[in-house]
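2 protein chains.
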Amino acid sequence: MIANKMQSLVANSSAIRAMFEEGKKMAAVVGAENVFDFSLGNPSAEPPAAVKEAILNILSEEPVNLVHGYMNNSGYEDVRKKIAESIQSEFGAAITEDNLIMTVGAAGGLNVIFKTILNPGDEVLTFAPYFAEYRNYCENFNASLTVVPADLNSFQPNLQACEQYITAKTKAVMINTPNNPTGVVYQEAVLRELAQLLLAKEKEFGTDIYLISDEPYRKLAYDGVKIPYVLEMYHNTFVGYSYSKALSLAGERIGYIVANSQMVDFKATMDALNVANRILGFVNAPSLFQRVIGRCLTAEVDVNIYKKNRDLLYQHLIECGFSCIKPEGAFYLFPKAPIADDKAFCNAAKKYNLLLVPGSAFGCPGYFRIAYCTDFDRIQRSLASFSKLAEEFNLSN
Amino acid sequence: MIANKMQSLVANSSAIRAMFEEGKKMAAVVGAENVFDFSLGNPSAEPPAAVKEAILNILSEEPVNLVHGYMNNSGYEDVRKKIAESIQSEFGAAITEDNLIMTVGAAGGLNVIFKTILNPGDEVLTFAPYFAEYRNYCENFNASLTVVPADLNSFQPNLQACEQYITAKTKAVMINTPNNPTGVVYQEAVLRELAQLLLAKEKEFGTDIYLISDEPYRKLAYDGVKIPYVLEMYHNTFVGYSYSKALSLAGERIGYIVANSQMVDFKATMDALNVANRILGFVNAPSLFQRVIGRCLTAEVDVNIYKKNRDLLYQHLIECGFSCIKPEGAFYLFPKAPIADDKAFCNAAKKYNLLLVPGSAFGCPGYFRIAYCTDFDRIQRSLASFSKLAEEFNLSN
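In order, the protein sequence lines correspond to chains E and S. Using the numbering used here, the letters of the first sequence map in sequence onto residues 1459 to 1855. Using the numbering used here, the letters of the second sequence map in sequence onto residues 1459 to 1855.
Each hint should be verified, as a subset may be incorrect.
The list treats identical chains as interchangeable, and a pair is accepted whether it falls inside one copy or across any two copies.
Stated by the list, open to error - BS3-like cross-link-like pairs, simulated, lysine-lysine; straight-line CA separation at most 25 Å:
hint, residue 1, residue 2
1, Lys1540, Lys1482
2, Lys1539, Lys1483
3, Lys1627, Lys1463
4, Lys1725, Lys1808
5, Lys1540, Lys1677
6, Lys1808, Lys1482
7, Lys1483, Lys1766
8, Lys1725, Lys1463
9, Lys1765, Lys1801
10, Lys1482, Lys1765
11, Lys1725, Lys1483
12, Lys1539, Lys1482
13, Lys1482, Lys1725
Because the hints were derived from the structure by calculation, they are not lab data. All figures in this text were calculated on a predicted structure; none of them were measured in a lab.
Pulled out of the complex, with its shape left as it was, chain E reads as follows (with noise of 0.2 Å):
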């Protein structure tokens, strides 16, 4: 017998399956070229050449042992001391490699950050619409996520809704920018508000606040947007980071955490990262991915892949009639959906060989999310099948 806990999980990952297994029927019917699969949030662009570069020169050049062997829980340190000089020149941040743990993938990273801060019954505070996961890490350590309703007008964080819902129990805030499913960047002004908001939490309640930022989308931002480095803006920030989208390695699992030095007990803290990192059986993030992000750190995968694909979707479902934020990173569209029933309206888009998620597995129902991290040419197949869509819901233009 599986555990109770997992119980309703298997139910609901196979409803994820039966989505999976509809778009493999459909393909058997009108052709796999014509079925239009915007559910997942797997990386089209190919890695940079820099990435295939560094395997080959390590394996040339590195001895063997040390590229494929065990190495401090917290990842090899002259990898971790260059990505802290990438990021105390990027951003101007006062971190060492002391700051800095590698981690398998941001999802092993934020799993490590809640192992060593969360006590049972900790609340974790998020903001709609949200990755769906995070609940899933919160209850790992038997936390609760509690989520603030969205502004549905910026997608911003709900700064005003989040001072109600802190309570001394609120362990730590999590953000994720740019954000997955909106594509939304959060803005500086209200990150420095968020900052602010959590120092006087802090102070009424007399707890502390972690300030958690989730940023694998980072590297994706269009239209020259700078996206805004919260780690300095709050004394306990982590930043945990992933190179999944940022080199198009998602399925290597390597990523990192950096925190903030003036956190509260800081040194025992990051002790108890690299103790997290090994006794949750990671152990450590993969040992020759660590050694290519060493030698990858100014390679970047073509961001103008995705542009291209979010102004030509963007620009169509405007013209449709749909109503939607102009994400400016990641790779989603978050419109909304026509009807009320986010899930109806998607089971509809399945007539036209369209795969979408409802904004309901983000908490934000009423929502639908578009994964436009596909071939152009596809997306440019896929457009009569959103007019169809828009023209049955009576969208006009």
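Since chain E is already given, all that's left is putting chain S on it; use the hints.
Frame of chain E, contents of chain S only:
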């Protein structure tokens, strides 16, 4: 403030770090080549040449986004199929890719199994001496580890004692063969008797009891010894495997779990393992190394490297008057300490630049562990130190 549970874990880890620092100080005084650090199980044999070859071939032959992108959380189907076929042909086990999920090493795999089966308050049994991380893995899920006392004559699982320890709360029994820290290979007759005992206890208590076999050292066996395959000896069995030692890829975090098809709720369990792999933050086993494994199924490290180390060191210890079971696998020796206080003994050993781990760290006080995964010539140079240590404690040959 870090979480309550983490406080003692950090203190404990600081003790390990202190030992590491001591080794560094020692090296500064006597020279790194004269520090005999037998404390860590980091493979010293090089990965077989097939690993590098596989990486190069994958990078030149396979689509780059397939190699580095997300796949099913259980791992690439083609890789799982190949591994399943190799298990079938080696052990005659009736399994397919549906019995397998790829994991972030064996440590990741064990946590995925525990997440899948453990409810808070459950008990997991293991046999002393045992790998200390098992306790942390259980406690990750609010379950507890109960340790069955060692059979000091053989270091085989102590089944007589085990029978007394199994209760209605026992959810799993864990074994580790070849064993860390003893190097002992559990015998087929003993394992079959254990299977019978578990069947009887399932009946007696009306419960499901899982057998979990942790086998990272399976490929490290000497003198032609065959390591029994427990998967089909008992219905509710999981085997956790890792390529950390088999291919000297400890840092790459690559392994798998295989489950017996006759297991209760087999399909739901496999689904739950898939979900657990995702929500614990592993997401999937590192993608490139999954593909490497698919091409390296017959590759193995040169176990003669370890055998030579074992033979030299074992022979010398016996000649010095130490008492030790000759290990048939892994890369550890677990001799009896000449005094009851194994910690005091390991402290005394430092005088001779020997870094050893007290048996109490493995639930077996009065013994000590030597990890002989190091250079042969370092072992040669260490022999004089072991002689002096034996003299100090009046051991005679």
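Verification of the hints:
{"no.": "1", "hint": "Lys1540 / Lys1482", "verdict": "between (44 Å within a copy, 24 Å between copies)"}
{"no.": "2", "hint": "Lys1539 / Lys1483", "verdict": "between (49 Å within a copy, 23 Å between copies)"}
{"no.": "3", "hint": "Lys1627 / Lys1463", "verdict": "both (23 Å within a copy, 17 Å between copies)"}
{"no.": "4", "hint": "Lys1725 / Lys1808", "verdict": "neither (52 Å within a copy, 29 Å between copies)"}
{"no.": "5", "hint": "Lys1540 / Lys1677", "verdict": "within (18 Å within a copy, 37 Å between copies)"}
{"no.": "6", "hint": "Lys1808 / Lys1482", "verdict": "within (12 Å within a copy, 63 Å between copies)"}
{"no.": "7", "hint": "Lys1483 / Lys1766", "verdict": "neither (29 Å within a copy, 57 Å between copies)"}
{"no.": "8", "hint": "Lys1725 / Lys1463", "verdict": "between (34 Å within a copy, 17 Å between copies)"}
{"no.": "9", "hint": "Lys1765 / Lys1801", "verdict": "neither (28 Å within a copy, 62 Å between copies)"}
{"no.": "10", "hint": "Lys1482 / Lys1765", "verdict": "neither (28 Å within a copy, 51 Å between copies)"}
{"no.": "11", "hint": "Lys1725 / Lys1483", "verdict": "between (54 Å within a copy, 22 Å between copies)"}
{"no.": "12", "hint": "Lys1539 / Lys1482", "verdict": "between (45 Å within a copy, 20 Å between copies)"}
{"no.": "13", "hint": "Lys1482 / Lys1725", "verdict": "between (50 Å within a copy, 21 Å between copies)"}
Taken one by one, the earlier hints fail for this structure at numbers 4, 7, 9 and 10, listed in ascending order.
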